[in-house]
Amino acid sequence: MTAEREILLEAKNLQKEFGGLVAVDDVSVAIYARTLHSIIGPNGAGKTTLFNLLSGMMDPTRGQVFYQGKDITGLAPHRRAHLGIGRSFQITNIFPNLTVLENVRLAAQAVGRDNFRMFQRAGSFPAYEEKAREVLGRVGLQGREGVLAQVLPHGDKRKLELGIMLASDPHLLLLDEPTAGMSSEQVPALLDIIRAIMADGDKTIVLVEHRMDMVMSISDRITVMHQGQVLAEGTPHEIATNQTVQSAYLGALYGDLAKELEDNVG
Amino acid sequence: MAEVKSDLTAAPNRFTSAAKSLRGEWLGLAVILLLALFPFLFGWFTGTSVQDGPSKFWQGQLITFFIMAVYAMSYDLLIGYTGILSFGHAAFFGGGAYTMGLFLTHIGPKIIGSYKITIGAADITEVLVLVAATLLVVVVVTLLGLLFSVVSARIKGVYFAMISLAMADAIHILSKATDFGKWTGADEGLHGIPVPMWINPTQHRLLFYFIALAFCVIMYLIARRMVDSPTGRVFVALRENESRVRMIGYNPVTYRTLSFVVAAVIAGLAGALFSLWNMGATPTMTSAVTTINALIMTILGGIGTLIGPILGAGLMQIVGQFFYQWFGARWPLVFGLIFIALVLFLPYGVVGTYRLKRLEWKQGWQRLWGLVAGK
Numbered sequence: 045m046t047a048e049r050e051i052l053l054e055a056k057n058l059q060k061e062f063g064g065l066v067a068v069d070d071v072s073v074a075i076y077a078r079t080l081h082s083i084i085g086p087n088g089a090g091k092t093t094l095f096n097l098l099s100g101m102m103d104p105t106r107g108q109v110f111y112q113g114k115d116i117t118g119l120a121p122h123r124r125a126h127l128g129i130g131r132s133f134q135i136t137n138i139f140p141n142l143t144v145l146e147n148v149r150l151a152a153q154a155v156g157r158d159n160f161r162m163f164q165r166a167g168s169f170p171a172y173e174e175k176a177r178e179v180l181g182r183v184g185l186q187g188r189e190g191v192l193a194q195v196l197p198h199g200d201k202r203k204l205e206l207g208i209m210l211a212s213d214p215h216l217l218l219l220d221e222p223t224a225g226m227s228s229e230q231v232p233a234l235l236d237i238i239r240a241i242m243a244d245g246d247k248t249i250v251l252v253e254h255r256m257d258m259v260m261s262i263s264d265r266i267t268v269m270h271q272g273q274v275l276a277e278g279t280p281h282e283i284a285t286n287q288t289v290q291s292a293y294l295g296a297l298y299g300d301l302a303k304e305l306e307d308n309v310g
Numbered sequence: 613m614a615e616v617k618s619d620l621t622a623a624p625n626r627f628t629s630a631a632k633s634l635r636g637e638w639l640g641l642a643v644i645l646l647l648a649l650f651p652f653l654f655g656w657f658t659g660t661s662v663q664d665g666p667s668k669f670w671q672g673q674l675i676t677f678f679i680m681a682v683y684a685m686s687y688d689l690l691i692g693y694t695g696i697l698s699f700g701h702a703a704f705f706g707g708g709a710y711t712m713g714l715f716l717t718h719i720g721p722k723i724i725g726s727y728k729i730t731i732g733a734a735d736i737t738e739v740l741v742l743v744a745a746t747l748l749v750v751v752v753v754t755l756l757g758l759l760f761s762v763v764s765a766r767i768k769g770v771y772f773a774m775i776s777l778a779m780a781d782a783i784h785i786l787s788k789a790t791d792f793g794k795w796t797g798a799d800e801g802l803h804g805i806p807v808p809m810w811i812n813p814t815q816h817r818l819l820f821y822f823i824a825l826a827f828c829v830i831m832y833l834i835a836r837r838m839v840d841s842p843t844g845r846v847f848v849a850l851r852e853n854e855s856r857v858r859m860i861g862y863n864p865v866t867y868r869t870l871s872f873v874v875a876a877v878i879a880g881l882a883g884a885l886f887s888l889w890n891m892g893a894t895p896t897m898t899s900a901v902t903t904i905n906a907l908i909m910t911i912l913g914g915i916g917t918l919i920g921p922i923l924g925a926g927l928m929q930i931v932g933q934f935f936y937q938w939f940g941a942r943w944p945l946v947f948g949l950i951f952i953a954l955v956l957f958l959p960y961g962v963v964g965t966y967r968l969k970r971l972e973w974k975q976g977w978q979r980l981w982g983l984v985a986g987k
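Protein chains in written order, with the numbering used here: chain L, 45 to 310; chain P, 613 to 987.
There's no promise every hint is true.
Computed spacing ranges between beta-carbons, pair by pair [as the list claims (entries may be wrong)]:
hint	chain 1	residue 1	chain 2	residue 2	range
1	L	ALA233	P	PRO944	27 to 37 Å
2	L	THR285	P	VAL865	21 to 31 Å
3	L	GLY245	P	GLN978	51 to 61 Å
4	L	GLN59	P	GLY640	58 to 68 Å
5	L	GLN59	P	VAL865	50 to 60 Å
6	L	GLY245	P	ALA782	38 to 48 Å
Just so you have them, the derived chain P footprint on chain L, three or more residues with Cβ under 8 Å [to be verified]:
hint	stretch
7	237-244
8	262-272
If you're looking for bench data, these hints aren't it; they were derived computationally from the structure.
Glycine included, each C-beta is placed from N, C-alpha and C at the ideal position.
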């Protein structure tokens, strides 16, 4: 880790209430640039809601979100995308009746300047298509360009999900359970993609994930959420050895998973 | 290895699709040429004059077809490409027709009576009045389109469909309100609109035929180019998955508004031309029946295909003509039954089914059974 600790994204006292239910309760978290920051916690801990607040899909009841030092609270999702925030979804969220190439090409086009050229062919802007092909190569979907997205097997749909996000060259990637629904054999390939993204050197990833082994091995920092609140934050080692996490959350809920955590960190 | 394979598979695809589109263009050109020559060929084959008799009658049928084809196409832009279920399309068609009719009836004669604008020896006052009326049509239906899109930004799906039906009905009520009867003719509508003599459809049927044909071809080319443009691709994406469209950086409201305005303008121009053709504008043109016609033509031909609604309009025109002869006033009943069968067995319309090369014979019977047995 570099000594310079530049904060890319910061949530301050975020609160989201649905009626009487407090889904995200006074959450403050700082994401450092060029790090992989994981958010873990049991189902219902408020991870996806937190993601919706960070990506602008929902507005917080209280609190603020800062990106590169600027207050982006209440900014519409499409504007955040133009600032360089990309998001993937836990439930596969693609364009089912469009080709794989078009799925990614649309995302590349979105951040360009040709969206309102109503009387020119989309094909006369080859830069977006080239970008899409390059991204499809990176996520391992080369050769599937002409296939309709809906007929892809689940694992490939998850890769496409990542590809759509990567096509706009975001600085900050919010990955909501990229391995959701994947079999264990499919996970390493996805892990490689994520590692390759980090190897670029200019990307920051916030990751929500349930697979503890994966989280422990690739994260720089981990935030543990429980019942809408931040329970603990630290390096994977700190989290695995954290007494509060162990007793209050990992020990109680996952049982021997706490042991597995320690084993993984070694 | 994989990259080599992708190059090999991609290249021939590009070739065949280019060849296919080229063949499509030639076919299109041939059809346009045939339609352009139709009045003469018809006259030649039947040994009658181009100016009157059966040739004139069939020119009239085709004029109606060209205009309704454009109207159906504009509906397809909304429902088939952007995926907006709107039941208010008659507001644009009728709005265009009434704007044109009212302007030519009440404002045009005053202008012609008090001004005389000439280029050299030619009096172009009438032409300018027509141009002004057309511009006004564009302005009015753009405003209507904006009104609808403002509502569609807040209310989605089937709820919007209901609201749009109500909005169009409000315009329908306005068009037949006795309060404005002095101007609009209320229930009767506008009749005998003073269409400039040089394009009068009764006097100069052949000229009007070519105007309507050119209108249809130009509108098709504009619509085709637009759905294939970067903007049009976003329309389709919006139909597929709105939340993802937002997340990758497009503002859905902007694109939905754009789609609405374009569809409204095309429908409005079709309506305006229809009022010239009919030399009238009646409350039927703003009614739900007119919206349902757009829906039927689009579904019949194939939703989201542009060429489908054109075929659908043609089918409707032919069916309407012959069914009326065969079944009299009860023809909509027969047509309704056939339409139900088509929706069950050809849900993708004529063009969609042709492209899929698949008849939904078995699924059709299953759907029918589900309908009868209540699932």
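Here's how the hints hold up against the structure:
no., hint, in the structure
1, L:ALA233 / P:PRO944: 27 to 37 Å, "violated (59 Å)"
2, L:THR285 / P:VAL865: 21 to 31 Å, "violated (50 Å)"
3, L:GLY245 / P:GLN978: 51 to 61 Å, "holds (56 Å)"
4, L:GLN59 / P:GLY640: 58 to 68 Å, "holds (59 Å)"
5, L:GLN59 / P:VAL865: 50 to 60 Å, "violated (27 Å)"
6, L:GLY245 / P:ALA782: 38 to 48 Å, "violated (59 Å)"
7, 237-244, "violated (count 0)"
8, 262-272, "violated (count 0)"
Hints 1, 2, 5, 6, 7, 8 from the list above are not met by this structure, while the remaining hints are.
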